[in-house]
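2 protein chains.
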Amino acid sequence: MVKVLYPFKITGLGSYLPPRIQTSKELSKLINKSEDWIVNRTGVIERRISEIDVDEMGAIAAKEAIGTKDNPDLIINASGVPKQTIPDTSVFIQKELGFNEIPSFSVHSTCLSFLTAIKVASSFLQIKLYKKILIVSTDRGTRGRNFKEPESAALLGDAAAAVYLESSNNKSGLISFSMNTFPEGTDLTEVRGGGTNLHPQDDITRIDDNLFSMNGPRVYRMARQKVHDLIKQDLRENRLNFDDINLLIPHQASGMAVKAYSKYGGFDSKKVVNIIDKTGNCVAASIPLALVTAFKQDKINDGNILYLIGTGAGLSIGSCLIKF
Amino acid sequence: MVKVLYPFKITGLGSYLPPRIQTSKELSKLINKSEDWIVNRTGVIERRISEIDVDEMGAIAAKEAIGTKDNPDLIINASGVPKQTIPDTSVFIQKELGFNEIPSFSVHSTCLSFLTAIKVASSFLQIKLYKKILIVSTDRGTRGRNFKEPESAALLGDAAAAVYLESSNNKSGLISFSMNTFPEGTDLTEVRGGGTNLHPQDDITRIDDNLFSMNGPRVYRMARQKVHDLIKQDLRENRLNFDDINLLIPHQASGMAVKAYSKYGGFDSKKVVNIIDKTGNCVAASIPLALVTAFKQDKINDGNILYLIGTGAGLSIGSCLIKF
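From first to last, the protein sequence lines are chains Z and V. Take the first sequence: its position 42, counting from 1, is numbered 42 in my numbering, and each next residue is one higher. Take the second sequence: its position 103, counting from 1, is numbered 103 in my numbering, and each next residue is one higher.
Okay, chain Z solo, but in the shape it has when bound (with noise of 0.2 angstroms):
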């Protein structure tokens, strides 16, 4: 019998899909690639495109999240990049959402940032000193692709996912957390400007440095024996076995990381949440996204264990074990 640490239930779930389609045989024209060469690389056919920002996209997703339950009395704003460098993009989710009052912040971990802020509001529920709490994750990735770059550019996708967590008995909630972060990896995914390093007023600043830029074979070499060692150390740790998952939601960082899964991971395929080919690598929103979508798609029942796991610029590597 698996151990709840930290008790907390998930008693609401939303997604915003942008509704425009930007399929790889129209993205293959401005990345000067096949078709075959987009899908074949990364694992994505379609992704779509927002043409409303990231406050907004994420306000529709908490929006579906609280459905007719109370506000929350926490916000946690868990995405990649910000809506702008001041204020905190929390505070423009909370504005779309016509609240006031609330406190709210945001934690950063990159494409982690979900599992950050599931430790995060864990940990307050734990301790009382908050019951109900929203956390959004929100991505326009679209918006930082750089065309010269094919292959980071043909993954990203725009989305927003949110979850209403409360305090609960000892039934469900967090099992356990892991994450570790190797610096040696700062260079391979980046988005070099935007802060106080390459300032956007500079001259030295390069359009590219504005823009994203992934090394995927170099991330994917990177991480394969890390997040394989992170398996096999949360479950011993947590005396479970390969069947006892009933459900492995994994960062969609591309169509390989995603397969790795079930490939070299253990993970029968059917087991693992695989969105990519519809949605592209949404940064943060990949995660909760994957997870509203498996919930939404009736695949997620009340007590089932959830192996929520994936890798984030830094590089970081993360998990959690949650029983829903």
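Hints in this document: simulated from the structure, not taken from any laboratory. Check before you lean on any hint, since a few could be wrong.
The list makes no distinction among identical chains, and a pair is therefore deemed to hold if it is satisfied within one copy or across any two copies.
[Stated by the list, open to error] Derived BS3-like pairs (lysine-lysine); straight-line CA-CA distance at most 27 angstroms:
| no. | residue 1 | residue 2 |
| --- | --- | --- |
| 1 | Lys232 | Lys131 |
| 2 | Lys278 | Lys296 |
| 3 | Lys232 | Lys132 |
| 4 | Lys171 | Lys299 |
| 5 | Lys171 | Lys128 |
| 6 | Lys226 | Lys131 |
| 7 | Lys128 | Lys232 |
Add chain V to chain Z, keeping to what the hints say.
Chain V alone, transformed into the frame defined by chain Z:
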């Protein structure tokens, strides 16, 4: 007897003030205002200008905070503006420290980021998720000064500060935490660029959009009553009176804002840490810098009740009561 809700011990404190001083006399030529105008308007006589980036600044403060202690098992970056958009700054700080395999992420609530990090860290310590947490606030606000907006340009200064938090007995730690966010204030303190809203590559993005903009008088008017109410609420809920607070450590928003705590807030001015004349408003680094400066000046003793409080872009207001 005041009750410590979430025990921890601050076992290390560090700070970094860049060696280069820019006096208000020097600055007066750049913003076309007299030295007297600057000092009267902002309370800032001189500020520091960093020639190294935020990660290096933060690492210097962090090294001092860590001292001869073990490496932390978590690093939280709690700053206002990042080094770059991706990865988050915590990874770069870890890299500068020469560490590896330490989980790290950022929290962001602009000038209140340090208080948010204290809340997160004390929760983690409480539930024993981590035992030794390094919090680093590092900001290089002078990189974003808009010399056409003389008041905000005159306010900003560069600094970093860090604290090392450990699990503890019940004698010291967090007494209470309060935060509230009022999205009507989103446009009062902004850096509009740097994200998906006004992307650096967009034709409509102007240079000013990437620079700091603050309507100081409107922030002050909006915040004063709210901060006043927060003080009354914090004291009442924790059954404390003004005399019980050994030291008030406010965000150094402006000379007028710091003075308001004694002029209107009910605190003896000797108890209010005021460093803005020599440092300016150092964004998220202001509160921890004031804390570390007071500590180094032997103004803080074991068992003291410290009251950290301030405002952040959003507009957010926040506070925490700490038994040192």
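Verification of the supplied hints:
For the identical chains of this complex, Lys232 and Lys131 are inter-copy neighbours only, at 24 angstroms across copies versus 33 angstroms inside a copy, given an alpha-carbon limit of 27 angstroms. In this homomeric assembly, Lys278 and Lys296 come within 27 angstroms of each other (Cα to Cα) only inside a single copy, at 16 angstroms, whereas the closest approach across copies is 56 angstroms. Taking the shortest alpha-carbon separations for Lys232 and Lys132, only the inter-copy value of 25 angstroms comes in at or below 27 angstroms, while the best intra-copy value is 33 angstroms. For the homomeric pair Lys171 and Lys299, the shortest alpha-carbon distance inside one copy (19 angstroms) is at most 27 angstroms, but the shortest distance between copies (48 angstroms) is not.
In this assembly of identical chains, Lys171 and Lys128 lie within 27 angstroms of each other by CA distance both inside one copy and across copies; the values are 17 angstroms within and 20 angstroms between. For the identical chains of this complex, Lys226 and Lys131 are inter-copy neighbours only, at 24 angstroms across copies versus 35 angstroms inside a copy, given an alpha-carbon limit of 27 angstroms. Proximity of Lys128 to Lys232 under the C-alpha cut-off of 27 angstroms is restricted to the inter-copy arrangement: shortest distance 23 angstroms between copies versus 32 angstroms within a copy.
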